[in-house]
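Residue numbers (the numbering used here), protein chains in the order written: chain P, 1 to 336; chain D, 337 to 672.
Keep in mind that the hints were calculated from the coordinates and are not lab data. Any given hint could be a false lead.
[Said to hold, decoys possible] Only some residues are given here: those of chain D computed to face chain P with a beta carbon under 10 Å:
{"no.": "1", "residue": "I416"}
{"no.": "2", "residue": "V482"}
{"no.": "3", "residue": "S581"}
Ideal Cβ positions, reconstructed from N, Cα and C, are used throughout, including at glycine.
Number of protein chains: 2
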Amino acid sequence: RNGRVDLSHGSGGRAMARLIADVFHAAFDNDWLRAGNDQAAFDIAAGRMVMTTDGYVVSPLFFPGGDIGKLSVHGTINDIAMAGARPLHMSASFIIEEGFPLADLCRIAQSMGEASRAAGVPIITGDTKVVERGKADGVFVSTACVGVAPAGLELSGDKARPGDTILLSGSIGDHGVAVMSKRENLSFETEVLSDTAALHELVAVMVEAAGPAIRLMRDPTRGGLAATLNEIAHQSKVGAHVEESAIPVAPQVAAACELLGLDPLFVANEGKLVAVVAAEAADSLLAVMRAHPLGRGSARIGEIVADEHGFVQMTTRFGGGRIVDWLSGEQLPRIC
Amino acid sequence: RNGRVDLSHGSGGRAMARLIADVFHAAFDNDWLRAGNDQAAFDIAAGRMVMTTDGYVVSPLFFPGGDIGKLSVHGTINDIAMAGARPLHMSASFIIEEGFPLADLCRIAQSMGEASRAAGVPIITGDTKVVERGKADGVFVSTACVGVAPAGLELSGDKARPGDTILLSGSIGDHGVAVMSKRENLSFETEVLSDTAALHELVAVMVEAAGPAIRLMRDPTRGGLAATLNEIAHQSKVGAHVEESAIPVAPQVAAACELLGLDPLFVANEGKLVAVVAAEAADSLLAVMRAHPLGRGSARIGEIVADEHGFVQMTTRFGGGRIVDWLSGEQLPRIC
Ligand SMILES: Nc1ncnc2c1ncn2[C@@H]1O[C@H](COP(=O)(O)OP(=O)(O)OP(=O)(O)O)[C@@H](O)[C@H]1O
Ligand SMILES: Nc1ncnc2c1ncn2[C@@H]1O[C@H](COP(=O)(O)OP(=O)(O)OP(=O)(O)O)[C@@H](O)[C@H]1O
Ligand SMILES: [Mg+2]
Ligand SMILES: [Mg+2]
Ligand SMILES: [Mg+2]
Ligand SMILES: [Mg+2]
Ligand SMILES: [Mg+2]
Ligand SMILES: [Mg+2]
């Protein structure tokens, strides 16, 4: 009707059933969805499972290098991957504003379907709610994912120990800058693209190579690398010491950050990971990461140190020292 | 700050970490959350798992008999239970409007925590996003749940066969009427309360008693009993025949429906289930359902018939016949 979502699409009637079949089932394309039950079933072997969820409210919905759909698949897979686990299946819950263009909804669903197929993680169950015009902002998506962790591997934020090495899988700031430049209508000579990517295959080769020498992994999303390092320090009751010159930032991202008044340390990433690893395993793991397409820009950025205050310290490019605190205030709302 | 959620609560900084710890972790209270990792892990035996998700956008957030928090726990557990499965763990993703009162957020989180503890289904992982004032409506919650299905039991919407009996676990219309009466500021002599409840324990005794004689179960939420019967007819390529006089409707719900211009057949329920069972097992199963606190009002409401058109037919209270179609249009937006 007029090519827009209306309230009947969320009412439990025939219009909803059609929207789900024509837009979502068509795009996600698997037999679990086609079965049309209230839940989806799958067989599993005994072992350790992991579960996670994220909501996505990014604005704008489409940005250079990605869109809310791709993000909602990659981001949630990444939180599973950060346990060293293999993601198996996802769910997707949509909250849609009345009047939202069906063409945009299809584009988002198609993008999710592609991302999920590329990752090998089917979206097996979902939900669709519609709220009145002005009661949401286009579309919000919440995805959840389950996966299996390899036996004997228990990565956790509290496992960093003084002397451990901190590795980063590539340049920081790309995602946040891509979204902000679209939002602010900026254009740069070299367009900055979101780094949105599913990291589970990179993680699989890392786990295979280094196993339990990996203490923990984390994806530096909201709050950026700074938040991730502070979380690790806080959870593990240690400090961290990083070298600014070792942290990769693409020149166009650095330039955009200048212009936008952002510090790349605090800007969200959607296709990068931080790994804390036993020092003796760092070199060989770094080589493995660099050999993977999503880890080509990997770098050793610093180390874990003993510090009862849990400070994250940085040696700046000019040789000075600086404490890297959490982001305070509201630097970048709705970046993911 | 002013007792309201602000954008910094969603930014990945210290304010967000505090909100999550003080409001959500305090209310949900389990070690998975306290571990503070990007995902939560649990051990499982080999078998058949089920997964589901629902979003909750009910307006108003608090209504007679429940609130969005309780609903978001019960509703998602129920979709797991409809597979005959035992729910294990949940996730919860919050999208919060800037300015939302922290006291209300706490109340919702507490209510979720209580519901999850009462059901024995911990909320082990979550997410918190904040959007600008006017870009959401208070708070939206999306929950996902995983569970385990008993070996050999494969309930599915396509398994209804002519001759099967249709059972309903109690009166219909309560939830939708409770929400609508609050929304429309109506008061009745006898207040109508939402029937929101977690049905997995009722389901467990049903499965124990009747096992594979149960063809399928479904909770008649959005679109009400009418939608559920039509879905079953459509999936199983059969018809259904129900007796209006056999379908329990509380007198105050019937009266409120008159006043509000609603047909209880189309009104959402949040603590009821429909079971299609082999005829020979119906009597004993009905007795088992009636012996459970959440199935006290159970009734045999009709049977599955052969019908290539998939019609749901009803013998009315006055002995006439009527076809019960899907809900068309937008009878009850944001009822769950
Ligand atoms: N956006 C979506 N993407 C993929 N599948 C979806 C989506 N929305 C709904 N579905 C699927 O469609 C079917 C019907 O979903 P629906 O939400 O109506 O079921 P329900 O959760 O039992 O009902 P309710 O949400 O009213 O409680 C389910 O199989 C569900 O997984
Ligand atoms: N509303 C909530 N209820 C319960 N736990 C929550 C809630 N929000 C977040 N959490 C938990 O807090 C921790 C941090 O969550 P956060 O969302 O910051 O992690 P993340 O998903 O890795 O980051 P991002 O969402 O930026 O991608 C996780 O353990 C998460 O499960
Ligand atoms: Mg259901
Ligand atoms: Mg995340
Ligand atoms: Mg649903
Ligand atoms: Mg993460
Ligand atoms: Mg449901
Ligand atoms: Mg999150």
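- Does D/I416 meet its interface restraint, that is, does its C-beta lie within less than 10 Å of any C-beta in chain P? 6 Å, holds
- Query: Should the interface hint for D/V482 be scored as holding, given a Cβ-Cβ cut-off of 10 Å against chain P?
  - Reply: Check passed: Cβ of D/V482 comes within 6 Å of chain P, closer than 10 Å.
- Satisfaction of the D/S581 interface hint, Cβ to chain P closer than 10 Å: 25 Å, violated
The structure does not agree with numbered hint 3 stated previously, though it agrees with all others.
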